[in-house]
Every structure is written in C-alpha cells, then in structure tokens.
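As they're listed, the protein sequences go chains G and L.
As numbered in numbering that gives the first Met the number 0, residues 0 to 375 make up the first sequence, in order.
As numbered in numbering that gives the first Met the number 0, residues 0 to 638 make up the second sequence, in order.
Since the hints were made in silico from the structure, they are not lab data.
Positions of the beta carbon are idealized from the N, C-alpha and C atoms, including for glycine.
Wrong hints could be hidden among the right ones.
Stated by the list, open to error - Covered stretches of chain G, going by a simulated chain L footprint (3 or more residues, C-beta under 8 Å):
hint, region
1, 77-86
2, 103-111
3, 125-138
4, 236-248
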Amino acid sequence: MVRRLFVLLVALALVAAACGDDSTSDTTEPGAATTTTAGGGGGATATTTGGDGGQGGGTLAEVRARGVLNCGVSEGAAGFTNIDGSDFSGIDVDYCRAVAAAIFGDSNKVEFFPVSSQVRFDNLKAGQYDVLFRNTTWTASRDTDVGMNFGPTTYFDGQGVMGPISKGFSADSEPEDVDGLLLCTSAGTTSEKNVAEWASLGGATIRLETLETNEDVYTAFIDGSCDMVTTDASNLVGERFTRGFLDEWVIFPPTNISKEPLGPAYREGDDEWADIIDWTVFVTFIAAEKGVTSATIDAAIAAGDDPELLRIAGLESSEIVADLGIATDGFLQVIKQIGNYNEIYERNLAPLGLVQAGSLNALFTEGGLIYAPPFR
Amino acid sequence: MTGKIILPDIPELEFAPELPPKGPVVWMKDNLFSTPRSSFLTVVGLYVAYVFTKGFTGFVFNYAERRWDAVTDNMKLLMVYLYPNGTSERILDAAGEPINQMHRVWISLGVVIALTALSLVFWRVGGKMAPKRITRTLQISGGFLLFVFLGVTILDYVFGVLFGFDFGGWEWQFSTKVHFWTILVGVVLLGGGLLVDRAMGDRGKEETISVIGLLGALAVVVVGLLWVIELPRLSGTEPGAPKVFQPIEETTTLPWTIMLGVAFLSYWVGVGLRRVIPDRAGTRVLTLAWLVSFPVLVMAVLRDPGWDEVVAPGFSLGNYLTIGAAFLVVGGLVIWAASHPAIGEWSAAIVAAIGVAIVFSWSVSMLMFIRFSLFAVLLFVLGAKTFGGATQVRRRYLLLWAGLMVFLTYFFILVKGGNTVETQTPSPFGGFVLTMIIFVSVMLLSFPFGVLLALGRTSTMPIFRLMSVAYIEVVRGVPLITWLIMSIIFMPFALPIGANVPDFVLVILFYAGFSAAYMAENVRGGLQAIRAGQKEASVALGMTTVQTMIFITMPQALRTVIPALVGQAIATFKDTSLVAIIGLLDFLALAQGTVPGQPLYRGSLRTMLIFAAFFYWIFTFSMSKASQRLEKKLGVGER
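Make a model of the complete structure from these sequences and hints.
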C-alpha cells in the first residue's frame, strides 16, 4: 500500500512540477498565435468573420509581437519573385520589404513564404502569412470571397497576342487580321476564354490550341506550327526579350484584351492593417511622382519646400503616420531602403524588357495608371 | 533398425558436353529472329528504340534550347535552397559582413559519408567482382553510343532520304566532329571490351576485382574531374548572354575533395577498428549512430539553435535541464520498481497512475517535453515485465532509460532553442535537404507507428482492433495531397494557441501518419505469413505474448515484407515532392518552378525536369539495389 501511494505521489508531484514551469514557456505569446488574428477567442471563427474585432489591430499587434513580417510570395515568377541561391528579389519581394520597413524601420525584418497559386488564398486566410504579394489578379469574385481584400495595384498586366512580323502582323493588328489562324496558349489559364471573346466581338473566328506548358507553347510558336501565342502581356514581352526575338515578334492589339491588375491581398476585416499596406504602396507612388528616390530623399527633406513630402516623412503633421499605428519615420524608411515606384520597377522589371514608359504602369503624369490619393 | 542409410555412389560427370562457339549472328538468330513473330517484335522494338533514343539523346546533348547551365548554376539552390553562403547582402553579421554557414552543410554531409564508409566496413558490403562484368558494361555503353550515333544516323538516312519518311522528334543536328569522336569512343569501348574479354578468357569469370576498390577509384576520378573540367556559364547577368567556359568554383571542388578524404579515412579507420571490435558490437553502435545522427544533424548542425530569449522567446535552458534530470531520476526509480520480479499486480497500479498523469498533462497547458517524457515512462513501465527479472538485466534496462532521457532532453532543447541560421524564410530548409529531411523523418516515424497499427489490427482485443482498423481505413481512404493541405490549412486552427509549429514539421507528422497506415498493412501481411506453430512453440517455451511478438513473430514478419517496405520507401521518397503544392520548396519545386522562373534561366523547364528525374532515379535505384542485397543476405524468398 505504501508503495502504491508513493508511486501515485511521485506521478502527481511530476504533474504539479510541470504545471509550475509551464506558464513561462509554451504559452507566453498569445500574440504570436497564428490563427487568432481578430481578437476574441475561438480561432477559426475569429479569422473568417473577423470584421467586428478587427479594428483593434489584430494583425499589426501580432506582427509586432513576432518581430517579423510574414509575406506570401511566388515560388518563382520572373520579375515578381525571383529566388536564386542567396536571396529573394523582384517587385513583389520589394513591396514585402517596404511593408517591413514601414512597420519595423528595417526592410530585412520579413520572412518569405513562397506559395503555389492553388493554396495562396487559403494559406492567407489560415494565417500562414500576413499579406500576399504574389502576382495575384484582383477580381470581383476574389474580392467578395469571404476573408479576402485587395490593395492598390502595383502592376497593371493584361492579355495580349503575339505574332511574327514575317506573317504580316503589326502592333495594331485587329481581330480581322487573325481570322482563321492558329492561336496557341498554355492550359489552365483564363487566356483562352478572353481571346475567344475578343475575336468573336470583332467578327473573326480563330482556331485555338491549348498546350500543356508555357514552354510547349513557345516551342511550337518558334518552329512555326502556331501562328500566334496569347497570354499575359508581361509574359509575352519577357519571352520575346529573353528568347531574342525583339525585332521579329510583335504584340497586339494596342489595348490589351483583358485586365489583370496585380497587387497585394490581405485578410478581410482588419482595417488598420489594410491601411498600412495600402499607404506603403501609395507612398512609393507619391515619391515617384515627386521624383524623390532613395538617394535623394534626404536632400529633398532638408530642402524642406514640399509639405507633402514632410508629412510622409513624419516631420510635419506627424499624427497622420502615427494614426496608422507605425513609427512616424516609417514611410521615410520605405523610400530610403526600398525606393520609389519607378526605382522598384526599373530594378526588377526593366531588365526583362518590360518598358515602363508608355505602358499602363507609367505614372498618371506620364499617361499611365499609377496614381495615389494625396497624403494629407 | 539403427543402421545408417547408405546412399549409392553417383558418378560425377567429368566433362560437360562441348557447345559450339556462338557468334553474334547465331545469337541474333536464336534470340531476335527465331520465328516470324519474334522478328516482327524485334523490328517494332528497334523502331521504338530508334525514335525514342533519337529524340531523347538529341535533346540531352544537342537540342538548341537545352539549358544545362541552369542545372550547374543553380546546384546550390537545388541542394540547400537559401542556406547562407556569404553572397547575400541582406544576411549580415554584427560587423556587417555577409554570413557564410555552408560549412554546416558540409559537416553534415561529412558525417553521413563517414558513417556510410564505416557501415560498408562493418556490414561487410562489397566483395569481389568478375572483370567480365566490367568489360560487359564497357561493351554495352560502347554499343549504345554506336547505336545512337551510327545506327540512328543510318536509319535516318534509310527512312528519311531513301523512303521519304519524316518521323519528327527533335532536330538531329550533331556536327560531323561530334559524330566522329563519339563513334570513335563507341568503337574503342566496344572493341576494347571485347578484346579484353577475349584475352582474359575464362579468367574473366573469376571474381578478382574488389567492388569497394572500384567504387573508390570511380570516386577519385569524379572528384578529380571537378578540378579539371570547365562548364559553360553565362558571361553576363542579362538573359541571352553568350556562354563561356569556366572552371568549377573552389567552393565546390575543395569541399568535395575533403569529402573524398573523409570517405577514405573513415573506411581505413573502420578496417582498423574491425580488427579490435567484433562485427556485432560495431553494427550495433553504427545503427545507434545513424539513428542519433539524423536529429542531431538536422536540429543542431543545420539549424544551429540559440539558447537566448531573442532567438527562442520563452525558452529557458535551465527549466529543460531540471525537468530532464527530474524525469531521469524519478522515472528511473519508478521503472526500477516496476521491473522488480515481485512487483506483481502493483505494476498495473503504476501504469494507471501514469495514465492519469498523461491524461491530465494533455488537458492542461503544459510543456510538450513533459507530455512526451510521461509517455516514455509509461512505455518503459509497460515493458518492464518483459525486460525485468535478474538485477543485471534490470540495470541494463535502467541504463537504456537513462540514455533515452538524456537524448529526449537534448532533442527538446534543440527543438525549442531557436534557429539562428538566417535565410529570410520560416525554416532554413529547402531543396534536396528538405526532401531528405521529410523522407527520413517520415520513414523513422511511420515505421514504429505502422508496426503498432499492424499489431493492433491483428490483436484479439476488440478495442485495439477497432481503433486500428478505423484509423487505417480513414487515413488510407483520403488522398495524401488532401492530408498535406489539411496539415497547413486546418492545423493552425486545431493547435493550442501559441503552439508555433513550423509548417514542415506539421507536414512530416501528417505524412508519417499517412505512411504508417500503408506500413501497417504491409506489416500485417508479414504477420499473417507466420505459421501458428512458431507462436505455439514460443508459448510452450514460456515466453510472454510481448516476448513472442518481439523475438519470434516480428523479426520473421518483417523479413518477409522487405520488398513491400522498400517499395513503400521508394514511393515515399518520390511522393515527398507533393509538398510543393502547399508551398514548401523541396527539390522538385525548385527544379520545376523556381529555376525556370528566374529571368536568366527562362526556358530551362525541360532540362530541369530531366535532371530532376535523373536525380530521383539515382536514389531510388540505390535503395532498390540495397534492398536486393538485404534480401539475398536474409534469404527472403528462399525459405
């Protein structure tokens, strides 16, 4: 009997000792919970219906407690997310870093989650990352989908058609020029539907062939078995450049067939978090508009003749920046460490042959769509 | 009737009937054109081989858009992903210098190589090989080259020019120079092989060449080539830049040379050790070393844990050491008592008490370390009856407990200590390292779990049987990919708040659970193949049920199902590539998504896929070969 009691006591003592230790260890970071973004209890409901609790700044507090921004990016998309043996780069990666710079004042405080297109939204909703910059098209169905919101577009893409000049195509070819010709595209994109709509609106019929991969499409296009190819214009421009057919292939029609605005996506219901993402993007636009770069921003502020710039830098009416919940020099750090929109574009997309001037991605002052509300 | 049975003398045949020598024509007549039907099949087979070889070799060696530079330039990315190698401007130390931690990767590889070399010695792998096998390999490769470069050209000419057929496929545009040299090499290999064969005669069939020596020589040649050959690299940073030939960088050649040295050194050390250590002890130590090396390499060497609050918030080294020591001592006392021969019914009381403690530990928030340690105590108390008895045996059992507890403490400290290898990603693992980590962890975890499930399913106790059947049927009935997606998307909701479990760990746990269900069915097949007589005999000898299972049934059952288990291991190895879908960048994800997504290597998808297929094949083929060896050694299929 004594022995049995002894054993029971030992077991209980162990349990008691364990309880004593526990509170200091595994459960010290309620803020770091990956799921309960929007305050309150029960994780699952909190994220999906987060609207009511969101104002309190669930995501921002969580990111601060974690000390690092979790950012969803692509596993490899030229110009947008590029992973080589040592580093991440690309326009999406730069915007992740910009958000980190705004929150922490340090563009390195970010962890990247390369994610496939199939699960990118589900993982965002599950709280794996705080914001998704993954060349994602903003569409109505995605926006109204439970738990998703989109920020300002950072790259305006659109579907185009490309054909060789030798077959009589030109930059202003219209549907009647492609009547009866064979058009190739890769499987699993919305490209086929768009281009069929475009052709039938113009009264033309085209023959469509869907090949398995992008690679197959260009192989068939180069050896002439396809007359034209169609996909996102950025892809067409990039392929034309990297495959060395800059002077032989031409992209048409003058206005794209479809609209593909690519930008950030975040969880619905956290307005404070949405504001931070949105205004980080807008600040890069405004800086570009003013011609202020990462190199010249210090001088421009020292000159002190632009009140909007001073407000962005948090030196005048600093409550605007402070109300967003970030340090007053947060946006100054964005420009200093990442640069303005034009710099980001030049760094990542220009090397691929994606010319900014004259495209939709030029500033509104130069005929493009890049436009930000005033910072005041 | 005690006389011997006398067998009649059977005269041995002294001379085998002499067969007439067979030339290649006779051989072809016998094997390829014996009947009209076989002639037809031969022609069709040759035609298929012709089309396939032409297309495939044409792509690999000569197609204009092949991009083998994408493979060589991205080798580091494919193998270890973003592991810091001193080239990132964003991963800096306190002094502002880029951090290079590649030595951790090489140390891990070195340990694996050293253990492999030692294992080759102690398991006495290798032996002798007949020269004829080598000359035959030379002949076959020479013949293959001749078929590809001479045969296909002739067939091309015959079909294309004379008959006007165009069979499509890749452009066949080797230069005359390439043709000449390749055909010459083919002739030398084929002819040389035949000549040596002829010269050696019957001596060629004697097994005189050491397999290990041959492998060593091959390794020396390959590593030597790294220093000599030059690879085509892009000359600039913009796409489409012309290629120039450059020697392989020293960051590759030097470590591999060291690895070669490590391999040779450990082999010779092993040969020396074998003289003083019996094989049995050696193989036991090595098995333990393999098991321990995996978690230590992954968690300590590759992750480099930090013990401070900055890296691992809420972690306290002191707490873990105290708890570990407490379990070691108190748990040891309990196990000592439970293994006492006179314990009798008391052990049930101990088990019940620990059971209550376990249930309690999972119902309140508590360190995982304590929960798992309680499980370990329970396991040891349950096993105490089997391993209990004489004081000497009990002492050894206690020693085992101490060893396990030390390891468990160490392991949990490693897991809880934060990762200090900075890669800008949630976990520092990716590429082939991640593939290997997932594969090995899944196999290590699913094996014991699968065996338990198999035992449960064959158990006579309905509750265990029902639970096992339910688990196996539910888990097997859902596709693996669904489980993997659930591990990432649903687990965050199911885990206790604050449990920040890395994605790859969740994936491993789910995958192991899935694999265990299949493992259980394989093992069950083996269990059912054991005749009832075995069990009855062991019971008659006075063995308990557990002892019968551990010492009689299980070893025989597992031996029977080796082919099935290896098949499952190979399938698991390949299926690790499914983690790409949930955003873990394993080897295949990098090869088919990331590398072709780089601006410099657009259009390299086909090349990367061929490389990936070849790379996976190397490993699966080795596994298959190793299992064949094991089967032969254990005599599977012969009894």
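Item to check | Which numbered hints fail | outcome: none
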